[in-house]
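S.K.: Each chain, letter by letter, is given below.
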Amino acid sequence: MSRLEAGGPKEHDGPVLRVAGLTKSFIVHAHGDLALPVLRDVALAVSPGECLALVGPSGAGKSTLLRSLYGNYRTDAGSIRVRHDDAWTELVGAEPRTVLDVRRRTMGFVSQFLRVIPRVATVDVVAEPLLRLGADPGEARDRAEFLLALLNIPQRLWALPPATFSGGEQQRVNIARSLIVDYPILLLDEPTASLDANNRDRVVELISQRRDAGSALVGIFHDTGVRELLANRVFEVSP
Amino acid sequence: MKPLLSARGLTKRFGARVACRDAAFDLWPGEVLGIVGESGSGKTTLLNCLAGRLTPEAGSVTYDSAAYGAVDVHDLSEARRRLLSRTEWGFVNQDAREGLRMGVSAGANIGERLMAVGARHYGDIRRTASDWLSRVEIERDRLDDRPTTYSGGMRQRLQIARNLVSEPRLVFMDEPTGGLDVSVQARILDLLRSLVGSLHLSAVLVTHDLGVARLLTHRLMVMQGGAVVEDGLTDQVLDDPQHAYTQMLVASILPV
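Top line first, the protein sequences correspond to chains H and G.
Each residue of the first sequence is one higher than the last, beginning at 1 in the numbering used here.
Each residue of the second sequence is one higher than the last, beginning at 240 in the numbering used here.
Hints in this document: simulated from the structure, not taken from any laboratory.
Fair warning: this is a prediction, and the values are worked out from it, not measured in the lab.
It is possible that part of the hints are untrue.
To be verified - Which residues of chain G face chain H? A few of them, derived with a C-beta cut under 8 Å, are:
#	residue
1	His313
2	Arg458
3	Asp479
4	Met487
5	Val489
Said to hold, decoys possible - Covered stretches of chain H (in silico footprint by chain G; criterion: 3 or more residues with CB under 8 Å from a CB of chain G, positions within the stretch not fixed):
#	stretch
6	69-75
7	207-215
Ideal Cβ positions, reconstructed from N, Cα and C, are used throughout, including at glycine.
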């Protein structure tokens with residue numbers, strides 16, 4: 001697949017994602033401003049072709065870290081820098097439009113759950129991220145159909161909105177949507193959580209292809225078999 | 240790149256009550272900004288100040304006009320501001336009756352906007368109006384009917400067509416799906432979402448519905464008691480709210 005649509009690093013050696021001093025607490029105002037510290041002084045770096053697995057007990061802050069990297073959670077201190085348009089872009093404290101531009105072209109996120117958009121057909125849900133980059137509608141649709149077929153979504157479902165699909169089907173639609181753009185950095189939150197063995201293998205194969213093609217991956221993989229197949233390093237997140 | 244719309248220190252009082260206090264932000268081309276908060280929080284007042292419909296006691300609104308360059312919205316003559324609001328802006332009211340001319344046909348409602356931006360050929364205007372009716376999912380054979388014969392959802396879609404037909408650069412929307420049945424709401428949200436994307440619109444959207452905000456906006460400003468208490472990327476404000484008031488709003492959403 002052409003890397004033409006995606007921004008970010010082309011001829012860059014070394015890390016494309018650098019995190020330093022990342023600190024994050026949740027303050028719950030309804031409970032007397034209760035402070036829940038989650039991340040303290042996290043530092044990591046990921047290079048193209050690497051897959052870093054976040055490990056640690058439940059509640060250690062793995063998901064919080066992943067969501068912070070994507071700008072979905074606001075961090076209290078520290079730095080998250082990504083290679084974007086061949087330069088370093090700081091995401092902590094960045095303007096919304098900067099974060100959105102990084103998300104459009106450089107950094108993708110595969111979550112466990114699909115946020116369904118009412119009335120939009122599955123094939124259009126999947127094609128949308130590519131269309132936003134200005135791709136030809138026909139080509140975006142072809143690519144979406146290719147990915148849906150690859151992920152075993154029956155063709156009769158492609159024209160329907162995914163709202164009524166099973167959990168596993170929705171997750172595969174979500175994976176197709178997240179992989180339709182060839183992002184230089186990909187964040188993965190339990191990408192195989194509700195999949196059967198056959199579909200899990202298919203997803204693992206797709207993700208390892210991205211890694212081998214030079215994407216930098218950070219993921220949470222509860223399934224140790226999946227983690228061993230994908231990750232070449234682990235990062236211990238401690239509470 | 241320059242901001243399309245810049246507000247600085249906007250303050251509006253109604254008698255002794257401050258409806259909007261010291262609001263400031265930049266809206267960039269292609270951005271959809273949501274203003275959320277409960278009834279009485281000042282969000283509609285702020286929207287009306289931005290669009291020049293209300294005059295603030297203090298502060299300024301600068302708009303980067305395609306025709307005139309940077310203009311102070313509240314320094315413009317009434318005639319100039321009206322022209323701007325017919326050519327470069329759109330305004331979608333919650334109540335479609337306020338945004339439509341109820342006494343003339345649907346086609347005339349859409350055609351009037353086209354004439355404001357210079358269209359003169361009757362056949363072209365009629366064809367474009369008909370195309371837009373179908374784009375907002377209204378049967379083309381309703382072109383000559385008055386909006387009085389339309390349902391609430393159809394009127395709202397007609398109002399959207401009237402506002403977007405002239406391809407404005409900036410659209411203000413005040414609760415565009417308020418007061419409509421949920422099935423009608425979903426249809427209008429889907430329509431707005433695809434139109435905003437395909438026309439590369441910039442928009443300021445007022446809503447009390449956080450689901451609508453999540454679906455349509457890139458950024459949010461949360462208002463309480465006339466003040467902006469929190470702002471940021473939409474998913475970040477909704478998934479990791481910082482201010483006590485935003486946390487309360489997010490926690491109050493009923494799960495389905």
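S.K.: Given Met487/G as an interface hint, is the shortest Cβ-Cβ distance to chain H below 8 Å?
M.R.: holds (7 Å)
S.K.: Under 8 Å between beta-carbons, do enough residues of the stretch 69-75 of chain H, three at least, approach chain G for the coverage claim to hold?
M.R.: Coverage by chain G holds here, the residue count being 4 at a Cβ distance below 8 Å.
S.K.: Can you take a look at whether the stretch 207-215 of chain H is actually covered by chain G? Rule is 3+ residues, C-beta closer than 8 Å.
M.R.: violated (count 0)
S.K.: Holds or violated: is the Cβ of Arg458/G closer than 8 Å to a Cβ in chain H?
M.R.: Since chain H brings a Cβ to about 4 Å from Arg458/G, closer than 8 Å, the hint holds.
S.K.: Does Asp479/G pass the interface check with chain H, least Cβ-Cβ distance below 8 Å?
M.R.: Since the shortest Cβ distance to chain H is 4 Å, the answer is holds.
S.K.: Hold the hint about Val489/G up to the distance rule: shortest CB distance to chain H must be less than 8 Å.
M.R.: Constraint on Val489/G not satisfied, violated at 11 Å.
S.K.: Report holds or violated for the interface hint on His313/G, using the least CB-CB distance to chain H and a cut-off of 8 Å.
M.R.: With a minimum Cβ separation of about 26 Å from chain H (threshold 8 Å), the hint on His313/G is violated.
Hint compliance for this structure: hints 1, 5, 7 are not met, and every other hint is.
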